[in-house]
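Enquirer: Go ahead and model the full structure; you've got the sequences and the hints to work with.
Here are the chains, one letter per residue:
Protein chains: 2
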Amino acid sequence: MKFKAIVLDIDGTITHKDRRLNLRAAETLRTLDIPVVLATGNISCYAIATAKLIGLKGYVIAENGGVILTGYDKSPIISDNIEECEKAFKFLSKHYDLTKLDPEYRKTEIALRRDFDMEKAREMLKTQDLEVEIIDTKYAIHIKSNKINKNTGLKNIAKFMGLTPADFVAIGDSVNDAEMIQSAGFGIAVANGDAEAKKAADHVTKASFGDGAVEAIEYLSSKGYI
Amino acid sequence: MKFKAIVLDIDGTITHKDRRLNLRAAETLRTLDIPVVLATGNISCYAIATAKLIGLKGYVIAENGGVILTGYDKSPIISDNIEECEKAFKFLSKHYDLTKLDPEYRKTEIALRRDFDMEKAREMLKTQDLEVEIIDTKYAIHIKSNKINKNTGLKNIAKFMGLTPADFVAIGDSVNDAEMIQSAGFGIAVANGDAEAKKAADHVTKASFGDGAVEAIEYLSSKGYI
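For the record, the sequence lines run as chains A and B.
Using the numbering used here, you'd call the opening residue of the first sequence number 1 and step up by one each time.
Using the numbering used here, you'd call the opening residue of the second sequence number 1 and step up by one each time.
It is possible that some hints are incorrect.
[To be verified] Non-contacting residues of chain A with respect to chain B, defined by C-beta distances greater than 10 Å in every case (computed):
1) Thr15
2) Arg19
3) Arg20
4) Cys45
5) Ile77
6) Glu83
7) Phe91
8) Ser93
9) His95
10) Tyr105
11) Arg114
12) Glu119
13) Met124
14) Met161
15) Asp211
[Stated by the list, open to error] With a Cα cut of at most 35 Å, we get these calculated DSBU-like pairs of lysine-lysine:
16) B/Lys57 / A/Lys94
17) B/Lys198 / A/Lys57
18) B/Lys223 / B/Lys107
Don't read these hints as lab results, they were simulated from the structure.
Even for Gly, the Cβ is constructed at its ideal location relative to N, Cα and C.
Expert: As structure tokens, then:
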């Protein structure tokens with residue numbers, strides 16, 4: 001079984017723990033002949049910069065699926081659910097002193113500094129009738145639409161590529177990668193991954209962070225999957 | 001003579017010709033103990049993403065000096081001359097079909113696709129009384145304030161670091177690097193550099209693009225300059 005493309009997370013998956021790009025991972029991605037899509041909870045210009053520096057085609061899923069780009073010169077395709085997130089933010093701000101990350105760049109979700117009790121905040125939010133969820137990617141806490149995730153982003157971008165999620169191998173580490181790892185044709189979690197990501201995966205690497213992504217690509221080649 | 005910091009351009013200086021990050025250059029920059037400032041004509045979030053992926057401290061000069069950031073959590077410091085640039089853009093748009101690059105992210109200058117006759121445009125602009133200049137960085141044509149350049153950006157960011165441009169080694173390749181290469185304590189142009197950058201430099205590398213930056217760092221170490 002050959003897969004036609006790879007979608008993978010950036011922070012914690014092709015980086016070191018401190019978010020520095022793993023240069024072996026970058027080198028390995030450069031050797032691939034199939035399209036590589038970057039999928040991140042980060043903003044689109046971070047995703048595009050990463051794609052450009054690695055040397056990819058510019059297919060990116062940003063803001064946990066809320067924003068996709070199908071090339072460097074293309075306009076972002078945006079699913080506009082920020083209003084619900086803003087309502088949740090206003091509600092939680094009554095209880096916590098929250099710090100937004102990159103607010104001027106975020107179009108569909110709100111990212112917050114990880115300096116408050118997310119579990120309690122999540123409980124409180126249940127009292128509100130909002131179509132949002134709170135997730136912790138270990139790099140930020142995100143208030144996001146509960147209708148959008150990296151897998152909805154993958155479905156959207158796959159269409160533009162003439163593919164479906166089943167044509168993809170997905171590689172990630174976090175709770176926000178779980179849906180895409182689950183629905184991809186083959187899913188891999190790196191060793192540092194969250195339980196949710198590992199549970200959704202068909203294969204878990206021995207190595208962590210970017211070294212895990214390198215191991216994952218080598219595993220896929222050895223199996224003839226790519 | 002020891003220099004206290006390095007400022008260097010991104011595209012064409014630590015990348016390959018096609019803008020992929022030169023991984024040897026990234027690796028070399030990671031070995032340095034002194035602060036490394038990235039100075040680019042690109043937007044601040046591209047500069048910040050590059051700094052993060054390389055593993056630098058987050059000191060960046062973006063938009064050819066118009067925007068500086070002194071760390072990842074800091075607010076950008078912006079010199080607001082975009083109005084003059086917009087006037088120049090409106091004037092030139094009567095004569096050319098111009099395409100803005102990243103307009104939603106650019107705060108102080110206008111970047112244009114390189115698909116029109118810049119020399120003619122420059123001549124035409126002379127008929128207008130505007131405090132702007134047009135430069136070609138080989139990656140984009142920029143309409144920018146003629147009072148702002150990477151060196152004004154360097155002066156500003158150096159203050160925050162308790163330094164002056166004379167404390168820096170500057171490395172670049174383009175006409176928009178010339179002022180900073182000139183005013184730095186020591187200036188280096190990579191072999192692919194423009195005549196203006198090479199003329200301003202104290203040293204020109206034999207190697208081009210990112211390999212030139214690696215050679216530059218090795219040269220500086222061998223001379224005991226860093």
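Enquirer: Evaluate each hint against the coordinates.
Expert: Hint check results:
1. Thr15: At about 8 Å from chain B, A/Thr15 fails to clear the 10 Å cut-off, so the statement is violated.
2. Arg19: About 6 Å separates A/Arg19 from the closest Cβ of chain B, which leaves it inside 10 Å; violated.
3. Arg20: Given a closest Cβ separation of 4 Å, the condition is violated.
4. Cys45: 4 Å, violated
5. Ile77: 15 Å, holds
6. Glu83: The claim stands: A/Glu83 keeps its Cβ more than 10 Å from every Cβ of chain B (closest is about 20 Å).
7. Phe91: Non-interface label stands for A/Phe91: nearest chain B Cβ at 25 Å, farther than 10 Å.
8. Ser93: The claim holds: A/Ser93 sits with its nearest Cβ about 19 Å from chain B, beyond 10 Å.
9. His95: 23 Å, holds
10. Tyr105: 6 Å, violated
11. Arg114: 13 Å, holds
12. Glu119: 25 Å, holds
13. Met124: 26 Å, holds
14. Met161: 21 Å, holds
15. Asp211: Holds, since 15 Å exceeds 10 Å.
16. B/Lys57 / A/Lys94: The given pair, whose Cα atoms are some 34 Å apart, holds under the 35 Å limit.
17. B/Lys198 / A/Lys57: Measuring from Cα to Cα gives roughly 32 Å; hence the hint holds.
18. B/Lys223 / B/Lys107: Violated. B/Lys223 to B/Lys107 sits at ~39 Å, over the 35 Å cutoff.
Hint check: violations occur at hints 1, 2, 3, 4, 10, 18; the rest are consistent with the structure.
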